[in-house]
Amino acid sequence: MNSHLLSIIVAAPAIAALIVMFISERDGANSRLAIRLVSLVGAAISFAGSLVAIRTYDKALGGLQRVEDYPLIPSFGVHVKLALDGWGGPLLVLTGVILFAGVLASWTVKTRDREFFALLLVLTAGVFGVFVSQDLLVFFLFYEIAVLPMYVLIGIWGSSHKVPARGPFKFVWNIFDIGGKQYAAMKLTLMLLVGSAAIMAAIFVLFLKAGGTTFDMGVLANTKYDRQTQIIVFPLVWLGFGTLAGVFPFHTWSPDGHASAPTAVSMLHAGVLMKLGAFGVMRVGMVILPEGARYWVPVVGAVAAINVLYGAFCAMNQTDLKYIIAYSSVSHMGVVMLGAATLTTTGWNGAVFQMVAHGIMTGLFFALVGLVYERAHTRAILKMGGFANVMPGVAAFFTLGCLSSLGLPGTAGFVSEFMVFLAAWKSQHYFWAIPGVLGAFITAIYVLRATRSIFWGPGPSHDFHDLSDAKKTEWGAIVILGSCLVILGFWPRLILDYIDPGSVEYLGKVLAPVSALARLP
Amino acid sequence: MKELATLWLPLAVSALAVVALLVDLMLPVPPPGGARSKTPAPVVGWVVILGLAALFCVSFFHETNSGTAMHGAYRASYFATYLQRLFLMGGLLGALGGLDDVAKRTPHRQGEFWLMLLSSLAGMMILPGARDLLLIVVAFELMGIPLYIMAAYSKTDAEPTGAGVAPRGWASEAGLKMYLVGATSTAITLFGLALLTGMQGTTKLDLLAATPLSPLAALGLVFVLGGVGYKIGMVPFHMWVPDTYQGASTPFVAFLSVAPKAAGMSVLTSIFLFGLGAHKDVWLPPMAIIAFLSMGVGNLLALPQTDLRRLLGYSGIAQMGYVLVALAANDAMGLGMVLFFLTAYLFTNLGAFLVVHTAAEAGGGYTFASLSGLHRRSPGLALSLLMFLLSLAGIPFVIGFWAKLYVFLAAWRAGLIGLVISGIVLAVMGLFYYLRVLQAAYMTDEGDLPTPQPPPALQLAIGLCVLAVVGLGLWPRPLIEASTRAGVEMMAPLQAAQAQAAVKLTQR
Numbered sequence: 001m002n003s004h005l006l007s008i009i010v011a012a013p014a015i016a017a018l019i020v021m022f023i024s025e026r027d028g029a030n031s032r033l034a035i036r037l038v039s040l041v042g043a044a045i046s047f048a049g050s051l052v053a054i055r056t057y058d059k060a061l062g063g064l065q066r067v068e069d070y071p072l073i074p075s076f077g078v079h080v081k082l083a084l085d086g087w088g089g090p091l092l093v094l095t096g097v098i099l100f101a102g103v104l105a106s107w108t109v110k111t112r113d114r115e116f117f118a119l120l121l122v123l124t125a126g127v128f129g130v131f132v133s134q135d136l137l138v139f140f141l142f143y144e145i146a147v148l149p150m151y152v153l154i155g156i157w158g159s160s161h162k163v164p165a166r167g168p169f170k171f172v173w174n175i176f177d178i179g180g181k182q183y184a185a186m187k188l189t190l191m192l193l194v195g196s197a198a199i200m201a202a203i204f205v206l207f208l209k210a211g212g213t214t215f216d217m218g219v220l221a222n223t224k225y226d227r228q229t230q231i232i233v234f235p236l237v238w239l240g241f242g243t244l245a246g247v248f249p250f251h252t253w254s255p256d257g258h259a260s261a262p263t264a265v266s267m268l269h270a271g272v273l274m275k276l277g278a279f280g281v282m283r284v285g286m287v288i289l290p291e292g293a294r295y296w297v298p299v300v301g302a303v304a305a306i307n308v309l310y311g312a313f314c315a316m317n318q319t320d321l322k323y324i325i326a327y328s329s330v331s332h333m334g335v336v337m338l339g340a341a342t343l344t345t346t347g348w349n350g351a352v353f354q355m356v357a358h359g360i361m362t363g364l365f366f367a368l369v370g371l372v373y374e375r376a377h378t379r380a381i382l383k384m385g386g387f388a389n390v391m392p393g394v395a396a397f398f399t400l401g402c403l404s405s406l407g408l409p410g411t412a413g414f415v416s417e418f419m420v421f422l423a424a425w426k427s428q429h430y431f432w433a434i435p436g437v438l439g440a441f442i443t444a445i446y447v448l449r450a451t452r453s454i455f456w457g458p459g460p461s462h463d464f465h466d467l468s469d470a471k472k473t474e475w476g477a478i479v480i481l482g483s484c485l486v487i488l489g490f491w492p493r494l495i496l497d498y499i500d501p502g503s504v505e506y507l508g509k510v511l512a513p514v515s516a517l518a519r520l521p
Numbered sequence: 001m002k003e004l005a006t007l008w009l010p011l012a013v014s015a016l017a018v019v020a021l022l023v024d025l026m027l028p029v030p031p032p033g034g035a036r037s038k039t040p041a042p043v044v045g046w047v048v049i050l051g052l053a054a055l056f057c058v059s060f061f062h063e064t065n066s067g068t069a070m071h072g073a074y075r076a077s078y079f080a081t082y083l084q085r086l087f088l089m090g091g092l093l094g095a096l097g098g099l100d101d102v103a104k105r106t107p108h109r110q111g112e113f114w115l116m117l118l119s120s121l122a123g124m125m126i127l128p129g130a131r132d133l134l135l136i137v138v139a140f141e142l143m144g145i146p147l148y149i150m151a152a153y154s155k156t157d158a159e160p161t162g163a164g165v166a167p168r169g170w171a172s173e174a175g176l177k178m179y180l181v182g183a184t185s186t187a188i189t190l191f192g193l194a195l196l197t198g199m200q201g202t203t204k205l206d207l208l209a210a211t212p213l214s215p216l217a218a219l220g221l222v223f224v225l226g227g228v229g230y231k232i233g234m235v236p237f238h239m240w241v242p243d244t245y246q247g248a249s250t251p252f253v254a255f256l257s258v259a260p261k262a263a264g265m266s267v268l269t270s271i272f273l274f275g276l277g278a279h280k281d282v283w284l285p286p287m288a289i290i291a292f293l294s295m296g297v298g299n300l301l302a303l304p305q306t307d308l309r310r311l312l313g314y315s316g317i318a319q320m321g322y323v324l325v326a327l328a329a330n331d332a333m334g335l336g337m338v339l340f341f342l343t344a345y346l347f348t349n350l351g352a353f354l355v356v357h358t359a360a361e362a363g364g365g366y367t368f369a370s371l372s373g374l375h376r377r378s379p380g381l382a383l384s385l386l387m388f389l390l391s392l393a394g395i396p397f398v399i400g401f402w403a404k405l406y407v408f409l410a411a412w413r414a415g416l417i418g419l420v421i422s423g424i425v426l427a428v429m430g431l432f433y434y435l436r437v438l439q440a441a442y443m444t445d446e447g448d449l450p451t452p453q454p455p456p457a458l459q460l461a462i463g464l465c466v467l468a469v470v471g472l473g474l475w476p477r478p479l480i481e482a483s484t485r486a487g488v489e490m491m492a493p494l495q496a497a498q499a500q501a502a503v504k505l506t507q508r
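Protein chains in written order, with my numbering: chain X, 1 to 521; chain W, 1 to 508.
Hints in this document: simulated from the structure, not taken from any laboratory.
Any given hint might turn out to be false.
[Stated by the list, open to error] To spell it out: a stretch of chain X is covered by chain W in this simulated footprint if at least three of its residues, at any positions, have a beta carbon under 8 Å from a beta carbon of chain W; those stretches are:
| hint | segment |
| --- | --- |
| 1 | 143 to 149 |
| 2 | 207 to 219 |
| 3 | 402 to 413 |
C-beta: ideal position from N, C-alpha, C; glycine also.
Make a model of the complete structure from these sequences and hints.
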C-alpha cells in the first residue's frame, strides 16, 4: 500500500470516474446519490492519500521520495515515474482539498450529472499526475488530460451570459457569440492547446539534445544544454505553460472560461489548473533550462508585474462577480510568476505558497459565487446588496476570502504576497516590487467594493428577500476551504517546511553555474 | 513449394476469395418476382469475416519473415508481415461494418461485393513484400480496380434517409470520379516508372539506387509520387476524396479511407525508402512540400465542411500529411512510426466512419444535426465517437496521441524541424473541427431523432475499434515495439550501406 501511495492518489479519481460511468441512471434519486458518493469516496481517497504522503515526507532528507517507476515504452525512454518532491506534497494536498470541496459544492448539479462527475474526476487525476510525475512526457500527458475535459465541462454545464459589445471591434461580438459558453470553451481549449504545441516542440528539443534515450526530468535537469538552445527553448516552455498560468497577454481565455464554467469547474480550474501552468514553468522551464531562465528572467518578471497590475485594473472595471474573481486570479497568478522570476529561495517559497493559498482562496470564492448565483440567478454586483442579512454564513466566508485576497495578515494570502514582494525587493530587479505592491493595493479596492455592494449595506431588495444561506454539503465545502485559509495564515510553516527543501534544491540547480563563476578570481 | 510457403498469406486471401465465390454460387437463387422482397442472409459476408479473422490469428502463429519468391520479385519480411496483418484487420473491420449495409442495399448481389473486397485485399497483401516495380504496379492495380467497382456498387440507391434528400446516382458519380482520376493517375505512375526504369536500367528495387539518378529519372520520380499519391489522397491529388466519400456507401468508405491508404503508403515506402533512399536529396523537397500541403489543405478545408463524410475525408487528407512527414525522415524510426501511425489511423478512422454511419442511419443524414443528442440517445455510441475524435486530434490516453507524437518526434530527429512545427500548428488548428463534431454529439440536443440501433456486426466492429484505440493508447508498448522492429529490420541495412557509400565518397 505504502509503496504505491502515489499511484493510488492518481488512480483513485480515475477509477471512481470509471465506476461512475457505469452507474445506471434508472434508479432516479438512488443512483444520483450513488454517483455522488462514489465521486466523494474517490476524492476522499486521494485527499487522505495526499495527507499521508505529505506527513511521511522526510523534510530533512528532501529530494525525491516514494519513487515508483513503471516502464511504459522503455525503447523510447518513457517511464511512468512518480515521485514526491518538496513542492509536490503541498500541491497534492491543495488538489485533494479542492477536489473534495468541489464534489461537495456540485452536489446539486442537475443535468447529466453522471458525465459531469466522471469528467471532473478524470481532470483531477490528470492534475494529481502532473504534480508527481518525474518523466517529462508523462508530465505532458497528464497535463493534457487535466486541460482537455474543460472543454466539455464548460461547453455542457457552463452558463452563457451577455457581454456588451464595445470598442472598434464590435462586429466580432456578433460573429463569435462572445459570452456564450461554447465560445468560452472553444477559446480556452484552443489557446491552451497552442500552448501545448509549444511545449511539445520544447520537449522534442530537450529529449533529443539530451541523447534521445530518456525523458526522466532528473536526468534532463543534469544535462548541460548549450546556451543557444536554452535561450530558444525557454520562451517556448514559459509561454506554453504560461498560457495556462494566465501570463499576459495570453490570459484572455481565463476570464471568459472562468465566468462561463460551472462552480466546481471554476474552483478546480482557477484553484488548481492554473497552478499547473506556473508549476510547469518552474519545474520544467527553470530547473531544466537554468541558463535560459537566467537570460529571460527580466522579461518573465516584467510580464508578471504587468499581470499583477493589469489583472487588478481589469477586475476593478468589472460588474460581473465571476469576471471580478477571474481577473483577480490573473492578477494573483502574476504574483506567483513574479516570485518565480526573482530566482531566490524566498521568492520561490512565496510562489509555491501563493499557488496553495490562491488555490484555496479562489476555490472558496468560486464556491461562494456559485452559491449566490444559484439562489439569486444574477452575478451583476450592482443589482445585489445587503445579502448578509439573508445569508450571513456566505457573507462571512466571502469576506474572509476577500481579506486573504488583499493580503491581510493572519490569512494565507498575506504570507505569500509578503514573501514574494520581499524577495522581489531584494532581487536584482527591485523595482518589480512596486507594481506588485500597487497591485495588492488595487486588489483591496475592488474586493472590498465587491463585498460591500453584494453583502453589506441596506437589506436585499424584494427580488432577493427569500434567499437562503448555505445548506448541508455546501457548508462542508466552504468550511474546509475557509479554515485552511486561516490555518495557513497563522501557521505557514505547516507547508513551508516542505516547500523550502524543494525550493532550495531546485534553485541550487538553476543558480549553480553562477556561483561557480563567482568563485573565480 | 518453398516459394508458395513464402507467399502463403497473399495466396490464402486469394483462396478465400475463391471460397467466397463458390459459397455464393451454391446459395439458392431467388425466383424472379414476389419473393425478392425477402432479404437473404449475408452468408458470404460471414464466410469472408470468419476467414479473415482466422487468417489474422494464424498469421501470429505462423510468421514468414524471410525467403523470396518469383525470382526475387517478392521478399517476405517482418515489415511485410506487419502490414499484411494491418490489411487483414482493415478488411475484417470493413467487412464487419459493411455486412448489414451490403445486405440491405444490394440484397441479391452480395457475393460479388465480397469478391471485390477480397481481390483488392489480395493486391494489398502482395504490395509490402514486392521488390520489383512490375510486381508493385500489378499488385497496386489489383488493389485499385475492385475499389472503383465497390464505390459504385450501390449505384441505384438514393441516400438512405435524411433531411436533405440527396439525388439518386451519387454512388455512380463517386465511382466514376474515382475511376477517372484513378486511371489517369495510373497512367501517370506508369509513365513515371517507365522513365525511371528506362534511365536506371532495372525494375528491381535493390538495384535502382546503384546508378546515379539522371534528371529524366528524377522527373519520373515526381510522376510516381503524384500517381501513387492519388491513392492515399494527398494534395494536390485529393479532389476525388471528399466526393467519393460522400457518394459511396459509408461502411465501404470506412474501409476505403484506411486500408488502400496504408497500401499506398507501403508503395511509397518501397519505392522511395527501399529503392531510392540513397537519393533522398532528390525526392525529399517535393515530398516535404506535398506533406505540408496535405496537412494544410486537409486541415483548413475540413473547417467549413457541413457533411460529416466530407469532413472526415479532409481530415484523412491531413492525416496522410502527418504520415508523409514521418516517411520523409527516411530512417528506421521514421519508417516504424509510419507503420505505427497507419495502425492507429486504421482503427480510429474506420471507427469514426462507422459511428457516423450508424448515427446517420438513425436519421438526419450525414449532417451535424444527425449527431444531435447522441449522448442521450446512445451514450455508448457517443462515447465511442468521442474516443475516435480524440484519437484523430491526437489527444492523450488514446492511440492517436502516441501516433502523432512519435511521427513528429521521428521527423524532428531527422532534422525536418520546419515541417514538424508547421505540422504541430496545423494539428492544433485541426482540433477545431473535431471539437465541432464533438460539440454536435455532446452539447446539442435538438429535434427528436430515434435511437440508433446498429446491427450486431456493426456493433462488434465499432467495439473492436474502441478497444484498440483506448487499449493501445493506455498500453502502446507492444505496438510501438513491433512497428519499430519492422522499421529497423528494413532500414538498418540500407542506412549502413548509405553510410558506407558516404564514407567511400569522402575517401575518394
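Structure-based check of each hint:
no. : hint       : result
1   : 143 to 149 : holds (count 3)
2   : 207 to 219 : holds (count 3)
3   : 402 to 413 : violated (count 0)
When the structure is compared with the earlier hints, a violation turns up for hint 3 alone.
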